[in-house]
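Participant: What follows is the residue order along each chain.
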Amino acid sequence: MIQARGLTYQYSGGSVMTFPDIQCDAGDQLLIIGESGTGKTTLLQLLSGLRQPLSGTVSIHGTKLQDVPRKQQDQFRGKHIGLVFQTPHFLQALNVEENIALAQRLAGQKVNLSLVRDLLGRLGLTHRIRAFPRYCSQGEQQRISLARALINRPDILLADEPTSALDDRHCLEVCGMLEAHASESHSALIIVTHDQRIKDRIPHSMNLDHYV
Amino acid sequence: MYSLWLSWKHLVHKPAQLVLNLVLLALSTGLIAGVFLFDRMITERLDRNLADIDLVIGAKGSPLQLILSGMYHLDAPTGNISLQAAKPFLRPGHPLIRRAVPLSLGDSYQGYRIVGTDTTFYSLYGLQLAEGRGQKDPMDIVAGASVAKALGLTIGHSFQSVHGLDDNEDLTHDDRPGFHVTGILKPNGSVADQLLLTPLESVWMVHDHGHEGQGHDVTAEEDHREITTLLIQYKVRNHLTLNLPRNINENTDMMAASPAMEMNRLYALMGAGTDLLRILAWIILAVSGLSIFVSLYSSLQARRYELALLRMMGSSPGGVFRLIMQEGFLLAFAGGLLGLGMAHLGLWLTGRFLEDEWHYAFDAWVFLPEELWLFLAVLGFGIIAALFPAWQARKVDIASTLIG
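Taken in sequence, the protein lines are chains A and B.
The numbering of the first sequence is the working numbering, which starts it at 1 and goes up by one.
The numbering of the second sequence is the working numbering, which starts it at 1 and goes up by one.
Keep in mind that the hints are not guaranteed to be accurate.
Stated by the list, open to error - Residues from chain B that face chain A, not an exhaustive set, calculated with beta carbons under 7 Å:
#1 Leu300
#2 Arg304
#3 Tyr305
#4 Leu309
#5 Met313
#6 Gly314
The hints are simulated quantities; they were obtained by calculation from the structure and are not laboratory data.
Ideal Cβ placement from N, Cα and C applies to all residues, glycine included.
Based on the provided sequences and hints, a complete structural model is requested.
Facilitator: This is the structure we're talking about:
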């Protein structure tokens, strides 16, 4: 499903970073761990096409990201990749439902509100549909961002430190949901983290510490 | 439509900023449009009453006052002139004068002026009867359309006039013969709509206390009847007509004033005021453009993350650019529309006030082509103000923004 070969990246004025090759198929789960500064987030951004690598390729569904015409790159990302971050952010002017529907629209899909409500219901957010995200608790906000990442049934779900800001209970909850919903929508799940609590939950893991 | 909706959502998300921007825009647009409209309305109104009158003759005083009282029935008259002195101008077959209309002012009824005149007045303004008959005998009244409507006058209605042009009950001519309405005019948009017309003799009968009932069989020697104003239309324009006003002013007790000249002087005076107001309004419009720019630009920093999110979810750089541009456009659109609405509403209120005060009717719901240009200019301001913030939004780096 997603494949990375020979990725390197260089921040202006920095040294060249080299990343291991990655292969993660539909339904697979991969944990990428590493200390701060090992380039976890950079790797995730390379995988999602938010940054262009110095060398190497990323292919999704057999399509090389570099080959996608510039004008379609954003929509390609919106459609095929779901992203979850450590701190969830939303469009403050829109309520929860509108935020999720926006992800449908921007990915070039038709807005399907029953799908949105259904997903929010499965994430236990039915009572928050009309709320504004800033009035929701942190755990709820993380679940809303998960809903946003999942709404287009992405091929790949990328999570950047999704649990670092949460307490143990919510950490387990969000982790469980990521796993459950990724396998349900048959997405490849890649979690980047330094959170020791989730290390044991996911069988495949890769440590970046050796690559720097 | 969806992205317009998104822009609108962002605008209403910050209501204080939205209101400030709208008020500034509406104020400036409204002021500019108001000046346009008011200027146009006054000029049009006054021009319609010019009726090709070349000269106004009356008692000595202020020429502008003579014009305003004699032609527009706004000001008080400068005084009276003797019919004797006016006679040469009223002579049929005068080599220079095609038409001379005598007017005799001084009385009113419920604030509406009673104008003593003869049938030349009707042909001067092209007046037509809606019902009844024209003025024939003394004390006949032919009412203008607006007066008839305002006072509910019908054929056969009779009343006593009030001395003076104000509605003062104490000055009612109780002991004088009463007027009776014999005809009502069709509305024609001229000042005649606001007047009560009667033969000259009526005014003399009401005022000529010593010579009651004399009618018009008076010999020249003992004739001290007076009129107020003569409206003159020339037959030709040559050096003789050019010198006529000066001759009258220098050699008689009367004064001659040219409406075109006096009105141009009035417009020039008015123009200085409206020009200043217009400049002020354009400055406010520039300030409101600046205000749009500042609010879009300053919110950009706070919205960097949201813009990056939009990009992450699939929006192109162009999409983000459009989003901000639309916010500027929507603000200008709503503000401009609000301003034009305010201008017309203001005009309507002014019109109502003027109608009460001066019996001048205004149509506030006429739209001018200038308003369209103004509206487009306002839209232009909004778009220009949004251009730089939108360009900045386009350049937001998603990757480095989303790390936070």
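Participant: Given Tyr305(B) as an interface hint, is the shortest Cβ-Cβ distance to chain A below 7 Å?
Facilitator: The hint holds - Tyr305(B) has a Cβ within 7 Å of chain A, the shortest such distance being about 5 Å.
Participant: Would you check whether Leu309(B) satisfies its interface hint, that is, whether its CB is within less than 7 Å of any CB in chain A?
Facilitator: Check passed: Cβ of Leu309(B) comes within 6 Å of chain A, closer than 7 Å.
Participant: Checking hints one by one. Is Gly314(B) an interface residue toward chain A, by the C-beta closer than 7 Å rule?
Facilitator: Holds - the Cβ of Gly314(B) comes within 7 Å of chain A, reaching about 2 Å at its closest.
Participant: Is the hint on Met313(B) kept, meaning its closest Cβ partner in chain A is under 7 Å away?
Facilitator: Hint on Met313(B): holds, closest Cβ of chain A at ~4 Å, below 7 Å.
Participant: Please check whether Arg304(B) passes as an interface residue: C-beta within 7 Å of a C-beta belonging to chain A.
Facilitator: Violated: closest Cβ of chain A sits about 10 Å from Arg304(B), beyond 7 Å.
Participant: May I ask you to test the interface hint for Leu300(B) with respect to chain A, counting a Cβ-Cβ separation under 7 Å as satisfied?
Facilitator: violated (14 Å)
When held up to the earlier numbered hints, the structure conflicts with 1, 2 and fits the remainder.
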